[in-house]
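Chains as they are written, first to last, in my numbering: chain X, 1 to 256; chain H, 1 to 308.
Hints in this document: simulated from the structure, not taken from any laboratory. Fair warning: there could be bad hints in the mix.
Stated by the list, open to error - Result set (BS3-like, lysine-lysine): computed pairs, CA atoms no more than 30 Å apart in a straight line: (1) X:69 to X:108; (2) H:192 to H:278; (3) X:227 to H:176; (4) H:192 to X:246; (5) X:246 to H:176; (6) H:248 to X:227; (7) H:286 to X:246; (8) X:199 to X:69.
Letter by letter, the chains look like this.
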Amino acid sequence: MRVIACCKAAPEEQDIVVNGDGTLSFERAAWKFGSYDLNAVEAGRQLVEQVGGEVIGLTVGGEALASAKLRKDIISRGLDSLNIVTVAGSAVPDTLQTAQLLAAGLGKVGSYDLVLCGAGSSDEYTQQVGNQLGALLGIPTLNAINSITPNGTTVTVERVLENEVQTLEVTLPAVLSLTSGANTPRIAGMKDILAAGKKETTETTAAALGVDTTTVSAQVSSVVAPKQTARQRTILEGDVAEVTTKLIELIGADLR
Amino acid sequence: MSENIWVVAQDAKAAGELCAGAQALGGVVHAVLLGCEEATKAAAANGAQTVVTASTPAANTLLEGYADALLALFEERGARLVMVQASTTGRLLAGKLASGLHTSALGATTLALDGEAVTVTYLVYGGTAVCTRRIISPTAVVTVGGGVFEAANAGADSAAIEQLTVTPNTPGITLKATAPKQGEQVNLSAAKRVIGVGRGFGAEGDLDLARSLATLIGAELACSRPITEGEDWMARERYIGVSGAVLKPDLYVAIGISGQVQHMVGVNQARTIVAINKDKNAPVFKQADVGIVGDLYTILPALTAALR
Ligand SMILES: Cc1cc2nc3c(=O)[nH]c(=O)nc-3n(C[C@H](O)[C@H](O)[C@H](O)COP(=O)(O)OP(=O)(O)OC[C@H]3O[C@@H](n4cnc5c(N)ncnc54)[C@H](O)[C@@H]3O)c2cc1C
Ligand SMILES: Cc1cc2nc3c(=O)[nH]c(=O)nc-3n(C[C@H](O)[C@H](O)[C@H](O)COP(=O)(O)OP(=O)(O)OC[C@H]3O[C@@H](n4cnc5c(N)ncnc54)[C@H](O)[C@@H]3O)c2cc1C
């Protein structure tokens, strides 16, 4: 089975600093692949461990993807090779363009049985790239997939809706977006990280694939931190009986 | 905006809210009701001039099988904005529609008109920031969650009713079985007091410590995401945060929760926030009105006893 795991790198959100005026500063934020995209890599790895084959990473992004550390990090999580599509300059593709770039990237990868996406990217979390990609490719497409069982030319999947769980049979090739609870991504060991450096990485550009990323469907007007409610920040420490009494004193009104 | 806005809904609540929202935007409102004919009234009472009903598909097919029919409908009738209920099914439909209409599907926590352009806002970077976007493609496709708009139910109830006669079809996908989701129905958003439990709890049984406190003060029990997804200790409906429930209770008590932005964004509108955590440097203390630095295993029994 040839599985493609789609992964997107984004700045580590814990390290984004909110400036005084509410704007964001990314200077201290290292880039990392989204934690939900690791579910796609893991699901691919587990399938291949069962039925054989390979897991190929596919990523679209800007100059941050030049980082050898970033590449090794995602490969070490269970990829056999990595395909990178770079977008020049400051252009950030929208979900349609990302889907177009992934579709074009898939063309380069050759044949595939399954394309896996995460529940959502760690920055925008639109949860749409997989859906839009599947529609462009014109192959079976589903989101919110919690488990995948291979049976030859089809897979049986479990899909989680708001009030029910569906069991579906899906003909391959297909595009499936996972839930974040679908699996627990493995932690890479030293051996995996060392081996990652030797795995094949292929690079191409949006321009070479003929996808135009100059006109997006929606312009960003602003990205600012939401207004925070001012908090008292009273900290109680020490004797258990004392702190609980003090707490009840302070918030008594909210408890009655 | 005197242009056509199409609402796509799967239940009466969403149909009412989304139609009311579309009307508030000043559009000519039309609704497609997927497998929920009974929502016709809610749509019409909230301004829908046309209601197109699509019947529940045969047992082995999905509502998503209507995607091509909807695309044809929107192209034929003209749609400036398509507002889709933000369910799992709705999101998949929105993605398919967006690709077909050559645009990007976006989510929205607010939706407004800025001149003639549709503007949406939604949370990015795990809730660190709010992104405002102006959609410039000829058609906008947006998924809208519950509570973004309020149903007004003040309309004339005089919609033109049509029926979508196509048979839904999802080639290559067969629905084999449907099982109701395990677990109870919860309505956290109605709760005035909420207790949130996190990974600071070492075992599922230990949650009883928080349960006793919740019962005592009449609070609903909620949690951080790892408690439902890593551990499976509580129903998914009970986790709070950017990808879970967003609440506005009078009191929120975070116990054994570190206070990551993805979680706190779901409760930062609470009137009072209390945090109990053994790590004095936990980020949750910066966002709390009162914080107790200590072991939940000793604090909780003491607190419950003191309140009794
Ligand atoms: C600084 C900045 C500026 C932006 N400006 C604009 C703008 O002007 N207009 C606009 O419309 N959008 C803009 N965007 C949004 C950006 O276009 C989206 O992040 C992108 O389209 C992907 O959508 P998503 O991140 O929500 O992915 P989701 O739909 O949440 O991702 C779902 C899954 O799809 C896969 N996937 C997603 N993206 C990729 C990728 N790049 N490579 C490989 N796999 C992927 C992953 O498996 C992921 O888990 C901007 C984003 C940033 C950070
Ligand atoms: C895209 C994305 C979306 C996400 N969405 C959400 C979301 O919607 N909601 C959500 O909750 N999370 C979400 N997360 C996960 C989030 O980033 C955090 O990982 C999660 O909230 C942490 O949960 P926690 O606080 O329970 O666990 P931890 O961060 O592990 O914290 C446990 C805390 O318990 C304390 N503790 C341990 N033992 C004791 C004790 N005996 N007594 C007292 N305190 C103790 C520790 O000091 C620690 O602070 C998301 C992540 C991503 C990447």
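(request) Hints the structure violates: just list their numbers, smallest first. (result) 3, 5
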